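First to last, the sequence lines map onto chains A and B. For the first sequence, counting from 1, position 70 maps to 70 in the numbering used here; every step adds exactly one. For the second sequence, counting from 1, position 137 maps to 137 in the numbering used here; every step adds exactly one.
Errors might be hidden in some of the hints.
[Said to hold, decoys possible] Sample of chain B residues lacking proximity to chain A, with all beta carbon distances greater than 10 angstroms (derived): (1) Arg61; (2) Ser63; (3) Ala81; (4) Gly108; (5) Arg111; (6) Tyr113; (7) Gly114; (8) Gly131; (9) Ile140.
[Claimed, not checked] Distance ranges between label pairs, derived from CB positions: (10) A:Leu152 / B:Thr155: 38 to 46 angstroms; (11) B:Glu58 / A:Asp126: 43 to 51 angstroms; (12) B:Phe55 / A:Ala63: 46 to 54 angstroms.
The set of hints was computed from the structure by calculation and includes no laboratory data. Please read all numbers here as calculations on a predicted model, not as lab measurements. Quick reminder that beta carbons are idealized off the backbone N, C-alpha and C, glycines included.
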Amino acid sequence: MSLPEFFQNLTLDLKNKFAASILEISDYQGDVLITVSINSIIDVLTFLKNEHRFIYLCDMVAADRFTSKDRFEVIYNIISLKAQKRLFIKTRCSEDNPTMPTATSIWPSANWHEREAFDMFGIQFDGHPDLRRLFLPEDFDYYPLRKEFPLLGIPGSLPLPSTTPDSKA
Amino acid sequence: MGLEAALGDGYLTTKIDTLVNWGRSNAVWPMPMGLACCGIEMMAFAGPKYDVSRFGSEVFRFSPRQSDLMIVAGWCTYKMAHAVRRIWDQMPDPKWCIAMGACASTGGMHRSYGVVQGVDNFLPVDAYVSGCPPRPDAVIHALMNIQEKIKTQHTVLLDD
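Working from the sequences, and respecting the hints, build out all of it.
Structure (structure tokens):
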């Protein structure tokens, strides 16, 4: 694997500083993906923002890998406007304790992305200022993008309007 | 002009039902409920090329209180269903409903937890239109079916 010079310097820098936390470095279709241990994800992201000018959180998505170990994955899609480079940072958490530290202190725009991940996958973001559901009703009991959730939903979990609005009942 | 000249000093007998239904069926004012891409075809249905004013339905009213026919055009989520039903309940009787397109009729390709699988789950639909989206002709056909339905219904009870 030969990365472009910018990413070679960057990964070298990361390895020097967070040697034990960098689990995997790969590239796919010209994009660089770095898997980071969950314990130091905030340190790595802060370092990337402050030292390598990745000031723009382009997107942040979650994924259900449906594995017995490290089931949920959160992927940060960050951009350095100065270097005109995009970088993907991944981190994983387990099914038993789907908890991640929040990135809202680094990029405030992570607020709604994390709310969406919470809404769809039930991942808790520690320290999030306003962790409510984004799309689904507050009293909805399920996380629809988890793999075990049926495609057509749970019957009766979302209410339909009354078809007899004039009745007393 | 017109009828008076043709009839001269004559008169015309009819039933009040027939007269009322003739009036109603030729002035079916739609309530546009364009929820997705079918809404674009619904606009073409009202536009000059297909010219639904030939059928008396060109008056798209954006107030449910002035409408007779709701055209649900597009996929409807559970969240939107409450708004659609509320608008439907504000329309004065008699009223009719067209489920336009595959999504409004059955959920179509949106086999998902968030989309109502057919608006007939919460609305009394009179005419279903197939297609994704249907051509404006097909919506005119549904409108004509509804006109037939109006013409054959009995609303005024005969005195015994």
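*Do B:Phe55 and A:Ala63 keep their Cβ atoms within the hinted range of 46 to 54 angstroms?*
51 angstroms, holds
- Should the hint that B:Glu58 and A:Asp126 are 43 to 51 angstroms apart at their CB atoms be regarded as holding? 58 angstroms, violated
Far enough from chain A: is every CB of that chain over 10 angstroms from the CB of B:Ile140? 28 angstroms, holds
*Run the C-beta distances from B:Ala81 to all of chain A and say if the shortest one exceeds 10 angstroms.*
6 angstroms, violated
In this structure, is the beta-carbon distance linking A:Leu152 and B:Thr155 contained in 38 to 46 angstroms? 40 angstroms, holds
task: Compute the least Cβ-Cβ separation between B:Tyr113 and chain A, then decide whether it is above 10 angstroms.
output: 3 angstroms, violated
| task | May I ask you to check that B:Gly114 keeps its beta-carbon over 10 angstroms from the closest beta-carbon of chain A? | result | 7 angstroms, violated
TODO: Mind verifying the non-interface call on B:Arg111? Its CB should be farther than 10 angstroms from each CB in chain A.
DONE: Per Cβ check, B:Arg111 is inside 10 angstroms of chain A; nearest 6 angstroms; violated.
Practice problem: Against chain A, does B:Gly108 hold up as non-interface, every C-beta pair farther apart than 10 angstroms? | Solution: 13 angstroms, holds
- Item | Distance rule for B:Arg61, whose beta carbon must clear each one in chain A by more than 10 angstroms | The assertion about B:Arg61 holds, with a minimum of 21 angstroms to chain A.
* To do: Say whether it holds or is violated: B:Ser63 keeps its Cβ farther than 10 angstroms from all Cβ of chain A.
  => 19 angstroms, holds
Compute the least Cβ-Cβ separation between B:Gly131 and chain A, then decide whether it is above 10 angstroms. B:Gly131 is indeed farther than 10 angstroms from all Cβ atoms of chain A, at 23 angstroms.
Checked against the numbered hints above, the structure violates hints 3, 5, 6, 7 and 11; every other hint is satisfied.
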